[in-house]
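Q: What follows is each chain in one-letter form.
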Amino acid sequence: MLAMVYRGPYKVRVEEKDIPTVEHPNDAIVRVTLAAICGSDLHLYHGMMPDTRVGHTFGHEFIGVVEQVGSSVQNLKAGDRVMVPFNVYCGSCYFCARGLYSNCHNVNPNATAVGGIYGYSHTCGGYDGGQAEFVRVPFADVGPSVIPEWLDDEDALLCTDALATGYFGAQLGDIVEGDTVAVFGAGPVGLFAAKSAWFMGAGRVIVIDHLDYRLEKAREFAHAETFNFGKHKDIVLEMKRATGYLGADVVIDAVGAEADGNLLQHVTSAKLKLQGGSPVALNWAIDSVRKGGTISVMGAYGPMFSAVKFGDAMNKGLTLNMNQCPVKRQWPRLFEHIRDGHLKPNDIVTHRIPLEHVDEGYHMFSAKLDNMIKPVIVPTAS
Amino acid sequence: MTYTAQKPPLARSSEELRAEIPGWGVDLDPANRPAFPQERFDPGATGAHWDFPERQSSNGYRERSIEHEFLTPVFGTSVPLRGVSGAIRRLAYERFSEARAAHWLLLLAGDRVDAAESHLRSFATTRPDNPFTETGLRSEISHHGIASRRGRIDVRHQWMDPILVGGPWVLAGVAVVKIARRLARRGAHTPGA
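Protein chains in written order, with the working numbering: chain A, 1 to 382; chain B, 383 to 575.
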């Protein structure tokens with residue numbers, strides 16, 4: 001089969017690999033029909049995530065058709081059209097039993113600090129991902145779901161991470177009616193978080209980024225006010241001015257490890273890998289939120305330390321909520337939102353790229369070329 | 383006003399927002415929020431039909447964090463440890479917990495060694511690494527590389543990327559040429575050559 005393969009920092013290519021096989025009785029083998037590149041894939045692509053091995057296939061956002069199932073699989077059969085959450089999880093450990101699917105303890109031997117994620121390095125379990133023609137899906141009775149007949153492929157694809165994570169991020173903000181919600185990052189997750197903040201009764205939604213074309217999307221798709229931090233000397237001061245010097249009630253960090261806005265922070269993390277991530281957006285969140293406010297973090301950071309302004313967070317009495325999204329918990333309610341016409345997930349898809357051109361897809365997404373917001377990968381076999 | 387008890391007024395009332403924004407307020411009630419609260423004991427909700435999963439067979443060594451009591455019952459099998467990078471990674475896993483910076487720094491060092499080893503190994507195959515195609519540079523021409531960057535603040539550091547990616551290749555090339563020259567010179571000075 002053809003698969004995207006990592007060849008070292010900033011280098012990927014498509015290679016012929018063996019089709020995965022059933023390695024556990026509850027495995028399924030899925031023929032991938034659509035995959036996507038996630039902003040967090042760029043942390044791998046840039047060599048920031050420890051134990052990212054040459055030869056690894058990325059891709060934690062994918063849907064497909066079940067090709068084969070293991071002997072203990074009860075809920076799926078060959079031919080089912082399925083969506084697969086980015087979490088690999090067992091469904092039975094201490095954490096899964098409490099709904100913390102992204103923190104599963106039975107699927108990632110390489111680390112206890114993070115659960116299992118498809119195609120996201122050995123630090124996240126060493127599972128090959130879905131930017132390929134076929135993928136192994138462990139715990140087929142737990143993670144994947146048959147895609148409802150009425151749901152478009154691209155909408156289903158976006159439910160596997162970006163939409164679920166954005167919606168989850170808004171929930172982590174504990175928004176109450178009339179709250180002012182600021183979202184750092186106008187990528188796919190930030191756009192969905194901004195959109196979801198309205199569902200929870202926000203009185204005002206502000207999106208901050210440095211890319212004008214993404215801010216335009218935030219205005220159009222998420223009905224948000226926008227600020228380009230590249231055009232302001234001090235974005236925190238602007239946030240204070242914009243909120244009557246109170247600060248936002250809730251701030252959502254939808255940026256994560258490669259935040260721009262401070263050259264030293266960016267270079268020491270994204271280029272020199274001396275931090276687990278550039279905490280620029282997180283520090284701005286801490287300084288922009290009002291005292292006693294809430295910060296939601298679902299932008300991804302690496303496992304190393306980062307220079308976070310923790311003193312300000314403590315002195316302001318902030319609540320910090322964070323986690324990787326337990327994707328499948330979000331689906332029933334998200335399906336209702338999509339059916340009711342509250343949002344159309346694939347409005348944010350800007351590029352559809354054949355798997356054979358995945359090298360260009362990664363470069364374009366990394367360099368933000370051609371007004372790219374969300375690239376979808378189309379495998380040949382689909 | 384921030385300096386008095388009341389919150390600064392909002393530009394639009396809830397009624398106006400409900401009329402203007404699709405879905406406004408439909409999840410106002412936390413009971414409608416599927417991740418609220420984050421931790422909710424419901425072991426029957428997952429579809430698992432086991433107390434502890436059957437174990438996946440491990441053929442040979444599988445590294446694990448020493449913060450795990452045992453190898454997890456299921457694990458990924460992409461790219462097993464190999465070469466010098468494998469030895470570095472094995473050291474990181476066997477010696478240091480995830481709490482230690484040495485664990486992660488060794489893994490990052492293993493990544494860099496892995497890339498070098500893999501590039502070298504690729505030259506012994508029919509498909510050697512090609513930094514021009516693998517970096518997707520063609521898209522700079524086909525997808526408006528210059529126009530896309532106009533007015534952006536990240537150009538302040540994007541110039542570093544070609545150095546970070548191409549630098550090791552250039553240094554390796556210079557080293558190869560120097561070694562080749564030295565060997566040629568030594569061959570020329572060998573008696574009888």
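Hints were generated in silico from the structure; no laboratory data involved.
One thing to keep in mind: the hints can contain errors.
Sample of chain B residues lacking proximity to chain A, with all beta carbon distances greater than 12 Å (derived) [unchecked claim]:
hint	residue
1	K389
2	A430
3	R477
4	L489
5	V556
6	A562
7	R567
Quick list of in silico lysine-lysine cross-link-like pairs, DSS-like style, CA-CA up to 30 Å [said to hold, decoys possible]:
hint	chain 1	residue 1	chain 2	residue 2
8	A	K291	A	K316
9	A	K17	A	K77
10	A	K231	A	K291
11	B	K389	A	K316
12	B	K389	A	K231
13	A	K316	A	K231
14	B	K560	A	K233
15	B	K560	A	K309
16	A	K271	A	K344
17	A	K368	A	K316
18	A	K309	A	K233
19	A	K271	B	K560
20	A	K233	A	K368
21	A	K240	B	K389
22	A	K231	A	K309
23	A	K291	B	K389
24	A	K17	A	K231
25	A	K368	A	K271
26	A	K309	A	K344
27	A	K233	A	K344
28	A	K344	A	K368
Keep in mind that this is a model prediction, so the values were computed, not measured.
Even for Gly, the Cβ is constructed at its ideal location relative to N, Cα and C.
Q: All the hints need checking, so say for each whether the structure fits it.
A: Hints and how they fare:
no., hint, in the structure
1, K389, "7 Å, violated"
2, A430, "3 Å, violated"
3, R477, "14 Å, holds"
4, L489, "4 Å, violated"
5, V556, "19 Å, holds"
6, A562, "24 Å, holds"
7, R567, "33 Å, holds"
8, A:K291 with A:K316, "5 Å, holds"
9, A:K17 with A:K77, "24 Å, holds"
10, A:K231 with A:K291, "26 Å, holds"
11, B:K389 with A:K316, "17 Å, holds"
12, B:K389 with A:K231, "28 Å, holds"
13, A:K316 with A:K231, "27 Å, holds"
14, B:K560 with A:K233, "49 Å, violated"
15, B:K560 with A:K309, "48 Å, violated"
16, A:K271 with A:K344, "36 Å, violated"
17, A:K368 with A:K316, "35 Å, violated"
18, A:K309 with A:K233, "19 Å, holds"
19, A:K271 with B:K560, "29 Å, holds"
20, A:K233 with A:K368, "23 Å, holds"
21, A:K240 with B:K389, "13 Å, holds"
22, A:K231 with A:K309, "23 Å, holds"
23, A:K291 with B:K389, "13 Å, holds"
24, A:K17 with A:K231, "47 Å, violated"
25, A:K368 with A:K271, "17 Å, holds"
26, A:K309 with A:K344, "37 Å, violated"
27, A:K233 with A:K344, "35 Å, violated"
28, A:K344 with A:K368, "23 Å, holds"
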